[in-house]
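Each protein sequence line maps, in turn, to chains A and B.
Throughout the first sequence, residue numbering follows my numbering, covering 1 to 467 in sequence.
Throughout the second sequence, residue numbering follows my numbering, covering 1 to 467 in sequence.
By construction, these hints were calculated from the structure, which means they are not laboratory data.
Careful, some of the hints might be misleading.
Identical chains blur together in the list; that is why a pair holds if it fits in one copy or across any two.
[Said to hold, decoys possible] Below 20 Å or equal to it, Euclidean Cα-Cα: the simulated SDA-like pairs (lysine to any residue) are: (1) 28 with 251; (2) 28 with 253; (3) 28 with 175; (4) 28 with 383; (5) 441 with 232.
Number of protein chains: 2
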Amino acid sequence: MTARPRGPVLDHGNALHEGLGGAGVDPKRLEGDLADRFRAAHAAVEERRRTGEMGFFRLPGDEELAARSRAAADDLGRDVDALVVIGIGGSALGLAAIRDALLPAGWNELDDEARRGRPRLYILANPDPDTLTALLPRIDPERTLFNVVSKSGTTAETLAQLMVIWSGLEAALGADGLPRRLVVTTSSGRGPLAELAASRGLRLLPIPEAVGGRFSVLSPVGAFPASVLGVDIDELLMGAREAAARSAHPTLAENPAGMLATLLHLADTELGHPVQLFMPYADGLRGFAYWAQQLWAESLGKALDTEGRLVETGPTPLPAFGATDQHSILQLMMEGPRDKVVVFLAPEAPRRDIVVPPVLRDYPALSYLGGHTLFELLQGERRATAEALRRAGRMNMTITFERLDARSLGGLFMLFQIAVAYAGALYGVDPLDQPGVELGKVLTGGLLGRSGCPDPEIPPVASRWRM
Amino acid sequence: MTARPRGPVLDHGNALHEGLGGAGVDPKRLEGDLADRFRAAHAAVEERRRTGEMGFFRLPGDEELAARSRAAADDLGRDVDALVVIGIGGSALGLAAIRDALLPAGWNELDDEARRGRPRLYILANPDPDTLTALLPRIDPERTLFNVVSKSGTTAETLAQLMVIWSGLEAALGADGLPRRLVVTTSSGRGPLAELAASRGLRLLPIPEAVGGRFSVLSPVGAFPASVLGVDIDELLMGAREAAARSAHPTLAENPAGMLATLLHLADTELGHPVQLFMPYADGLRGFAYWAQQLWAESLGKALDTEGRLVETGPTPLPAFGATDQHSILQLMMEGPRDKVVVFLAPEAPRRDIVVPPVLRDYPALSYLGGHTLFELLQGERRATAEALRRAGRMNMTITFERLDARSLGGLFMLFQIAVAYAGALYGVDPLDQPGVELGKVLTGGLLGRSGCPDPEIPPVASRWRM
């Protein structure tokens, strides 16, 4: 653990009037009405934090919960070749973000030594038979740890895959062998998976009741598999605590999460930028961008505000990846409708770097690259893209942080979770619920004959059209 | 090769007035003004197809070009453990789509036998040193085939990584060894990579001049690596030819690509749905969705129309994945702003399937799943999600096709390419250019000291803000 005097840096010059030739945000408002508005949002969030309704605030300080993840990893996660996590949405995206950021690229292709004896990782999110049939022959039940993750314990995609795995495990190990090989992460004490764990003697790692799926990465949902994989979860939690401390103040100018929420809320609701790109320039942040997309979309995409009025609100979060997507959606960002705001994300220093060697000197189209490092190139592309967008009058901002490690990742998780809580208050919606996904679950249940789910009576299709 | 009497089916009932309770498209217009509008778009595209400007139309019938890819694969692609493709954007996305759709999941983790002796595949798109440093120690220059792909031959991200590889290859094999191990795919006869290939005796696979990066998947850009990997490129091209034949008619009701383009153009420009989700329910179509995103964004996101008038137009294509993203952005799709249209994509039958075994009968929350197959579950989720959106008055449509294989994938590539050509005509923009990405390239060049690129003079940041 090294001393880390400061958190990320937000460069929002390209979101303000001066930088954009009059577009973007009037900076005076950040000390005026926007500061007032934020103060009210802060108070609303503070109240829900205090009552414990927003359970994610408590996770970084919950030593006992962290210890349970660590103990389970120590007891069951040694001497296994593979860790198979069965979970979808909030039960998978946080772990994928941790994997992408903190394990070497291509982890599953590394040999045991390069993995420091830690297992390969498979995340079974989508119940696609192509994916599962390709995986099953390659895992040895005797050498694999399974972790089924569902807050409610009723997620159809997860339970169906669990049943396939269960049947295979029983056949290979007998019913007695299951507790060594299957860990259940679910809401403490409630729901079908909790019952299953209790009756079959499976280890249960609890998700606190007040922690929803998309806010659960710092609970055992993320911490247990991370610990099995050798990630230092103390560093993750410390980074999260530091970020929470930095984003506690009711004054907008002193609250980073508040500034992020305020600028993005304003971009959507007043400046006409509902499409919000989270665009890291680091392959390690791919998973983080998808995690943030879920956090934003499910928390802010709401039909009703907290007073029950129809608002149908919420920005559209769009993950993008630099420099790759400069060759995909940058054209649209530069020249298309002015309905977008970009949040660039990048470390200030590489973990490792590669100097482009001075070969092919006779080719000026190549030789200018010699002597630069790949990190310089990648960061140069980021700065150039931000500047090109600025010159085109397109609002963007950049979050940089010292380097990508467990501590900074924990900080980013917490920064974005707190920001979305503030954003919920600014939009006037409840960021903790997701009522809109229920109908699809009931209809699916009806199609599959689940008790309590009526036949969905999907009308016959009138307009099928042969292509 | 099996007889295949028909192409995909478009179900657009959930995009029409009746299905949506008056929202969506008035079906009478499909035989009225929209048919007229399409007839003009068809004529404009037909003209550019005839002159050869739209070179992608000619690729499926270019036997000679396909033969060059196959011959290069036969000569150089045998007895290698790894194929490393260095390319970004249109030089990478089509191949990733082919990989995801046509190779077994987890290809690189399969043993030689399961890969039928074909190599592992690495696509070096982003110049992230983390990714390259993790890969380099694991590839043996003597057993690896490299393919550098850049239409212009000037792509900085690609050339920088090529120089790293070049230096390593020269050290390991000597300059004489390079032609056995490095294939160049670039514009025929022009540009730095073509010069390099000529002077160093490297095999060059040409990209026809009139084929842009995002339209190049059926050129050697996709066909050569696909052939090395054992994909039947004849089937890909046949599927593309069949799709082109199905989408040739000037009458809207008889032109599938025209119908797709017309509905999506109308959704954006008249119905207020600029966010357009491409949402496959098949893990194998992940890469296809990203390929389609680039195709849509770069082709339609334009500042100027073909008359030079400022229009700043283009929809925002958003890849999403069922059932996974039902647990991420479905909440926003169901309840947020009505600015979205969803295009579901799915095969009608699985390639393989898994029956959920009837275990855990005492748990009704699980037992109802027993006896169903995973494919039934996945397709049930898709139908339920489409129906839930319909009931919420949210426009969506579904493209299904018999099964996912090389022939259907080739057909999907062509269907979408033709559709975007029509959409360009409907928007009144040129779908073949991408002028908006040039500024970023010049600024990057300036930062790296490339000759001809001035110092970018990025203004000092006024608003750096410590988080």
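(message) With identical chains, the pair residue 28 and residue 253 could be close in the same copy or across copies; at 20 Å between alpha carbons, which is it: within, between, both, or neither?
(response) Intra 12 Å, inter 55 Å, cutoff 20 Å: intra-copy only.
(request) Using 20 Å as the alpha carbon limit, work out where residue 28 and residue 175 are close: within a copy, between copies, both or neither. (result) neither (67 Å within a copy, 62 Å between copies)
(message) One pair to classify: residue 28 and residue 383, alpha carbons no more than 20 Å apart. Within, between, both, or neither?
(response) Neither way: residue 28 and residue 383 sit 26 Å apart in one copy and 50 Å across, limit 20 Å.
(request) First find the shortest C-alpha distance between residue 441 and residue 232 inside one copy, then the shortest across copies, and answer within, between, both or neither for a cut-off of 20 Å. (result) The answer is neither: 36 Å in one copy and 39 Å across copies each exceed 20 Å.
(message) Regarding residue 28 and residue 251, is the shortest C-alpha distance of 20 Å or less found within a copy, between copies, in both, or in neither?
(response) within (14 Å within a copy, 56 Å between copies)
When the structure is compared with the earlier hints, violations turn up for hints 3, 4 and 5 and for no others.
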